[in-house]
Amino acid sequence: MARVIGAVVVDKEECKGCSVCVDACPHDVLALHFEVNSKGYHYSYMKSPEACVGCANCGVVCPDTCITVYRTKAS
Amino acid sequence: MELKEVTKTEGTMDIQDILKPENLVYQKTKLLTDTPMHYCPGCSHGVVHKILAELIDEMGIQERSVGVAPVGCAVFAYNYIDIDWQEAAHGRAPAVATGIARVNPDAFVFTYQGDGDLASIGAAEIMHACNRGENILVVFINNGIYGMTGGQMAPTTLEGMVTATTPYGRNTDLNGYPMRITNLIAQLPGTSYVTRQAVHTAGGVRKCKRALKKAIQNVLDKKGTSFVEVVSTCNSGWKLSPVAANKWMEENMIPYYPLGDMKDSVKGEHSEN
Amino acid sequence: MGEIKLMKGNEVLAEAAIRCGCDGYFGYPITPQSEVMETLMVREPWKETGMVVLQAESEVASINMVYGAAATGKKVMTSSSSPGISLMAEGISYLAGAELPCLLVNVQRGGPGLGTIQPSQADYFQAVKGGGHGDYKLIVLAPSSVQEMNDFVDLGFELAFKYRNPAMILADGAIGQMMEKVELADYKPRWTKEEVAEKNGDWATTGKPASRKKNVITSLEMASNDMEVRNINLQAKYRKMEEEDVRYEAIQCDDAEFILVAFGTAARVCQKAVEVAREKGLKVGLLRPVTLFPFPKKIIKELARKTAGFLSVEMSAGQMVEDIKLAVYDAGSNARVDHFGRMGGIIPTPTEVVEALEDKFSWELSYGVKRSY
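In order, the protein sequences belong to chains W, Y and E.
If you use my numbering, the first sequence closes out at 75, no skipped numbers anywhere.
If you use my numbering, the second sequence closes out at 273, no skipped numbers anywhere.
If you use my numbering, the third sequence closes out at 373, no skipped numbers anywhere.
It should be emphasised that the hints constitute simulated quantities derived from the structure, not laboratory data.
Be a bit skeptical, because a hint or two may be false.
Simulated DEER-style distance windows between Cβ atoms [unchecked claim]:
| hint | chain 1 | residue 1 | chain 2 | residue 2 | range |
| --- | --- | --- | --- | --- | --- |
| 1 | E | 229 | W | 36 | 32 to 40 Å |
| 2 | W | 36 | E | 223 | 35 to 43 Å |
| 3 | E | 181 | Y | 269 | 48 to 56 Å |
| 4 | E | 247 | Y | 222 | 43 to 51 Å |
| 5 | E | 224 | W | 36 | 28 to 36 Å |
| 6 | Y | 21 | W | 13 | 43 to 51 Å |
| 7 | Y | 176 | E | 192 | 32 to 40 Å |
| 8 | E | 193 | Y | 220 | 57 to 65 Å |
| 9 | E | 192 | W | 13 | 42 to 50 Å |
| 10 | Y | 214 | E | 209 | 41 to 49 Å |
| 11 | Y | 105 | E | 233 | 27 to 35 Å |
| 12 | E | 226 | W | 35 | 42 to 50 Å |
| 13 | E | 224 | Y | 175 | 29 to 37 Å |
Glycine included, every Cβ here is placed at the ideal spot set by N, Cα and C.
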């Protein structure tokens with residue numbers, strides 16, 4: 001059976017590191033990076049990309065709309 | 001768009017095979033401008049702006065839309081959603097929206113107001129606009145505090161809640177009680193759809209978007225005033241991290257301001273509850 | 001020749017609004033101008049021209065309804081009387097700050113406070129100097145007849161849109177309540193959607209088509225540099241008004257040794273006072289400012305060079321007299337400026353005015369006029 005897999009792209013310059021997406025992710029894919037962006041925020045990134053199912057919860061809750069979500073089925 | 005952080009998914013597929021236009025399931029709506037929002041990290045305003053922008057785009061009403069921004073943190077709402085906007089005086093957005101809607105009956109007019117703006121200084125304007133059944137949408141952000149002026153008490157501040165002007169907690173003898181203004185609004189026959197939502201979870205955001213969609217449709221169908229309260233966080237004002245603020249809201253705000261529809265009808269009919 | 005009728009000043013305002021293609025009136029009852037909205041409600045213009053009429057919950061609401069509607073590029077107005085205008089002050093400042101054209105009417109009554117419902121001119125400062133916060137000006141028209149109540153509605157809108165600025169008709173309870181013969185204007189159609197877009201599309205919030213950027217109506221600037229630029233532009237606009245749109249009436253000023261300066265109801269009284277004075281052999285003229293802002297400074301400066309004195313006759317403790325003094329000072333003239341007024345809702349009589357003139361200028365009258373140029 002084909003497995004649903006997803007991926008997210010965080011616009012790290014727009015991210016304010018609020019970590020609401022980290023909290024909203026049901027599969028613990030996201031985390032705040034130890035590095036900061038030019039504004040000084042620890043931006044969100046895919047720490048465990050293999051766990052992403054592309055549910056888009058992170059994108060939906062993001063107040064700064066800096067997350068784009070993709071989903072497909074793995075062959 | 002920044003792709004450097006994503007390299008490879010282990011095993012099955014290369015990440016670049018997933019990041020293709022045909023696999024896109026969620027992206028920023030084109031109705032949001034490129035101006036970065038000035039809101040604090042984790043602020044609910046950004047989420048509500050986003051779903052409003054998505055709906056205006058999806059419902060194809062950009063050319064008919066006129067937004068009315070409040071005084072408060074959302075004063076710059078006009079920088080973020082790509083429609084025509086007016087900036088109202090503090091509390092007067094419902095009167096401004098009335099003026100727009102009356103002389104432009106085909107426009108989709110909405111106000112976007114906070115708790116200080118709507119429930120305190122603008123209490124008369126919101127009551128009368130709703131009572132007249134103006135064909136407008138009111139988006140009411142209730143985070144129990146004045147955000148922009150530095151975290152003072154709002155009419156909706158909870159009992160015991162610490163703010164800049166209730167440093168020892170809201171004392172009801174001194175300050176009265178937290179106002180459930182949406183419940184009062186639901187009693188007015190001019191309203192059609194009155195609901196209370198929250199956007200602190202993905203499920204909540206999706207529900208809130210459905211509620212806003214219905215509210216907008218009611219306005220387009222000229223059913224009367226639609227009123228959507230969004231119980232929100234002000235993590236800076238509450239002095240909590242964004243995630244902790246969401247949790248605090250769930251444990252404290254929502255029990256006092258329970259979520260759900262309060263009225264779903266057309267103007268001229270009284271609320272059932 | 002237009003239709004001629006005998007009408008109250010307040011009724012004429014309503015009739016003129018309908019006929020000049022006004023899109024909306026938002027108001028709140030207050031004596032002595034309630035007939036404006038009452039007349040509109042009887043006329044039901046929404047059935048005839050599509051004009052909207054709405055009774056708001058307060059003056060605070062009505063001025064903000066005007067703000068919202070005006071910001072969509074339409075011709076909208078409100079009317080009130082003194083205490084109501086005070087309530088509107090915030091909204092008027094916002095209208096001026098956001099550069100929105102609209103028509104405001106103040107049918108003045110005596111103040112301060114709840115005051116009286118009788119006519120007064122004590123809101124001169126409030127009308128011409130601001131009234132709300134910030135450096136702004138209204139275009140202020142002072143009618144002294146029911147005919148001018150009619151004419152200034154259309155003129156007010158014309159000037160408001162010329163400058164993207166609120167215009168105010170500063171009347172008083174006497175002009176509002178009295179009945180006179182008036183020649184009504186012919187009907188002008190309301191602007192169509194296309195006309196609004198053509199005339200005001202570059203700023204009005206008509207709904208954003210794909211063809212243009214979004215229009216935003218605001219008076220807010222976070223950076224003080226930007227806010228100063230806004231202020232500089234506003235001041236330039238006010239100077240342009242002073243260049244191009246001063247209106248006044250000079251009656252028997254050519255040979256006058258003394259000039260009465262009065263507007264509105266006081267000007268009617270003074271017109272009679274000029275006759276009384278001339279019968280007594282006093283060479284008196286009347287200067288009637290029609291625009292209180294822009295104030296007719298230039299003519300006052302000219303007159304100051306050939307006149308012994310100015311008597312500002314106002315139904316107030318003396319407000320316009322300050323603007324006359326400034327103009328005379330600017331002219332470098334020695335002409336003396338004094339004031340005579342009645343307050344609390346009292347209209348002076350022509351005899352009182354002449355007596356006041358004789359009293360205040362007794363030195364000049366006894367020892368001869370000292371030419372001051």
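Against the structure, the hints:
1. In this structure, residue 229 of chain E and residue 36 of chain W meet the distance hint of 32 to 40 Å, their C-beta atoms being roughly 35 Å apart.
2. One distance hint, 35 to 43 Å for the beta-carbon pair residue 36 of chain W and residue 223 of chain E, is violated here, with the actual separation near 27 Å.
3. At roughly 51 Å, the beta carbons of residue 181 of chain E and residue 269 of chain Y sit within the given window of 48 to 56 Å.
4. As the Cβ distance of residue 247 of chain E to residue 222 of chain Y is approximately 44 Å, the hint placing it in 43 to 51 Å holds.
5. Range check, residue 224 of chain E to residue 36 of chain W: Cβ separation about 31 Å, and the 28 to 36 Å hint holds.
6. Under the hint 43 to 51 Å, the C-beta atoms of residue 21 of chain Y and residue 13 of chain W, about 22 Å apart, miss the expected range.
7. Remark: the range hint 32 to 40 Å for residue 176 of chain Y to residue 192 of chain E is contradicted by a beta-carbon distance near 50 Å.
8. Remark: the range hint 57 to 65 Å for residue 193 of chain E to residue 220 of chain Y is contradicted by a beta-carbon distance near 18 Å.
9. Distance hint for residue 192 of chain E and residue 13 of chain W: a CB-CB separation of about 46 Å, consistent with the stated range 42 to 50 Å.
10. Hint check: residue 214 of chain Y to residue 209 of chain E, Cβ distance near 27 Å, so the stated range 41 to 49 Å is violated.
11. Between residue 105 of chain Y and residue 233 of chain E the beta carbons are some 34 Å apart, a value that agrees with the proposed interval 27 to 35 Å.
12. Checked against the hint of 42 to 50 Å, the C-beta distance between residue 226 of chain E and residue 35 of chain W comes to roughly 35 Å, which is inconsistent with it.
13. Checked against the given bound of 29 to 37 Å, the beta carbons of residue 224 of chain E and residue 175 of chain Y, roughly 35 Å apart, stay inside it.
Checked against the numbered hints above, the structure violates hints 2, 6, 7, 8, 10 and 12; every other hint is satisfied.
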